[in-house]
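> Residue numbers (our numbering), protein chains in the order written: chain A, 1 to 197; chain B, 198 to 309; chain C, 310 to 552.
Don't read these hints as lab results, they were simulated from the structure.
Incorrect hints may appear among the rest.
[Unchecked claim] Among chain B residues calculated to face chain A with C-beta under 10 angstroms, some are:
#1 D226
#2 G256
#3 A257
#4 R265
#5 Y267
#6 N269
#7 A270
#8 A272
#9 M273
#10 V274
#11 R276
#12 S281
#13 V283
#14 R288
#15 Y303
The beta carbon of each residue, even a glycine, is placed where N, CA and C say it ideally should be.
Single-letter residue listing:
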Amino acid sequence: MGIISSGFQGRRNRDDPGLPPGQHRAEDFPVLSAGPTPRIARADWEFRIVTETGTSRHWDWAAFLALPQEDITADIHCVTSWSKLGTHWRGVALDTLFDQIETTARFSLVHSYGGYTTNVPLADLLGGKAWIVHQFNGADLPSEHGGPARLLVPHLYFWKSAKWVRGLELTGEEIPGFWETNGYHAHGDPWREERYG
Amino acid sequence: MNGWTGRPAPGGPGAGERGTGGPDGLGEDYLDGNALAGPLSEVFLIDMTSARGRCDSCGAVSAIAEARLYVNAPAMVLRCPSCSGVLLRVRRDGGQAVLDLRGFSYLTIDLG
Amino acid sequence: MSSAWHIVDVVAVQEETATARTIGLRFPLPVRSLPGQHLDLRLTAPDGYQAVRSYSVASASPPDTLEITVEELPDGEVSPYLVRKLAVGDQLEVRGPVGGWFVWRPEDASPVQLIAGGSGVVPLMAMVRAHDQARHPAPFRLLYSVRDPESVYYRQELESLAGSSSGLAVDYVYTRRAPAGRPVGRLDARILASSVFGPEADPAVFICGATGFVETVSGWLVDSGYPPERIKTERYGGMGGTG
Chain A
1 MGIISSGFQG RRNRDDPGLP PGQHRAEDFP VLSAGPTPRI ARADWEFRIV TETGTSRHWD
61 WAAFLALPQE DITADIHCVT SWSKLGTHWR GVALDTLFDQ IETTARFSLV HSYGGYTTNV
121 PLADLLGGKA WIVHQFNGAD LPSEHGGPAR LLVPHLYFWK SAKWVRGLEL TGEEIPGFWE
181 TNGYHAHGDP WREERYG
Chain B
198 MNGWTGRPAP GGPGAGERGT GGPDGLGEDY LDGNALAGPL SEVFLIDMTS ARGRCDSCGA
258 VSAIAEARLY VNAPAMVLRC PSCSGVLLRV RRDGGQAVLD LRGFSYLTID LG
Chain C
310 MSSAWHIVDV VAVQEETATA RTIGLRFPLP VRSLPGQHLD LRLTAPDGYQ AVRSYSVASA
370 SPPDTLEITV EELPDGEVSP YLVRKLAVGD QLEVRGPVGG WFVWRPEDAS PVQLIAGGSG
430 VVPLMAMVRA HDQARHPAPF RLLYSVRDPE SVYYRQELES LAGSSSGLAV DYVYTRRAPA
490 GRPVGRLDAR ILASSVFGPE ADPAVFICGA TGFVETVSGW LVDSGYPPER IKTERYGGMG
550 GTG
């Protein structure tokens, strides 16, 4: 069905064998925009983890930068069908942040400045799978891409990699976030095309 | 939730898109709710963008056409022009439309 | 209101300016549009990628043809294709016409003040044309802010309508370069006040242009005593830049 416009390419390249099904490669870095961009000064930034028992730990910008930093190269996949291969980030592994956290929770609800939320199982955050990143391609992360800092969970659809992240709420039960309450998949693995719940 | 003080207006993953909005190219990238006329015409028999709705977050009343529509996202997100709370979300999922109207206390629809 | 996607034939293309083109679209069935409505266009690339954009209807040629005017955005994804590549004989997928808010309704006898920024003139031109074709008695006034004389859409038609007894007056503001003897400069509150129907005339006001233009001009009008409910605005922009 539909009309193919042979001269129309859009901004993207053709399907690529290195991409999950249904994805197209983006050369630029598309900005998704579901609301106003929060402008958070680093001096005001804070990241916090609150466990299921109510205990919490928090890091201000200086404390966050004092943690061991890692360089990450990863492919990212947006549910709107673009993928970007070989992106470079710098930040702190969630494993590092969880070193001093006591929890038996299986799920997290990720909270962002501006009110965005997304739910991610802890199993997808730990074991070298996720980071809080503050640099992209060697430069400070711009606010339209989630700066000062965003979550990076590259093995899941990119809506899980919450921009403007401010903390994690650990829960025994899964609490659906912003897109998950709109019918998007609770897990979101692009290789299994877990788009919709 | 415990531990967080004050919950700001609902937000989403997004940011300004070059070339629209502000002079620095980083302005907010939203359209008029008017641009929802086509997607909603697949669901409703009458034009819904003229309907006036009350924002459940702040109480402001505006026409859907006047609210702010964010389209570069997994679903279209309509936000209140006064408080930027989410009014409506709509997306296509194959042959289905998924419509979330929780952000409205009510809608007033002119039946002509 | 039609709600399905139609396949329409491109039956005419005409350069409006160096960067804008008017495209005639013939529908498979008779089509009716209200002045100010828009169409959604859906383009599908050979690899299946789709993009949807909205374009205002510029004119209707009953029974089955509508025209849109498209400005090429330098970084755009769809508009360069429509302005540079699309040819007569091609087909497009179209939804609409749709929209019931930014619409002039001839049953309203009030004076009508149209204010355009650049390519925002397109839906206002649909209102101008409908007003002329109906020989509608309401006075119409168009204030058209544009970069330079070469960027004016529909110049000859506007000149001829403004010089006739159609009841249309047109004022131009040239922001970068003006014809000889005309001032250059951005629209300001003073020029605005001298170029539009006053609040005592209680005009229906339609403003279309870029976001900053629309918000600034509507703010000036509200400050000058025009009731907000008489001012309807439309910001132009594609539906999504990245999909």
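> Now, for every hint given, state plainly whether the structure supports it.
The hints, checked one at a time:
| no. | hint | verdict |
| --- | --- | --- |
| 1 | D226 | holds, 5 angstroms |
| 2 | G256 | violated, 18 angstroms |
| 3 | A257 | violated, 16 angstroms |
| 4 | R265 | holds, 9 angstroms |
| 5 | Y267 | holds, 5 angstroms |
| 6 | N269 | holds, 5 angstroms |
| 7 | A270 | holds, 4 angstroms |
| 8 | A272 | holds, 6 angstroms |
| 9 | M273 | holds, 9 angstroms |
| 10 | V274 | holds, 4 angstroms |
| 11 | R276 | holds, 6 angstroms |
| 12 | S281 | holds, 5 angstroms |
| 13 | V283 | holds, 8 angstroms |
| 14 | R288 | holds, 7 angstroms |
| 15 | Y303 | violated, 21 angstroms |
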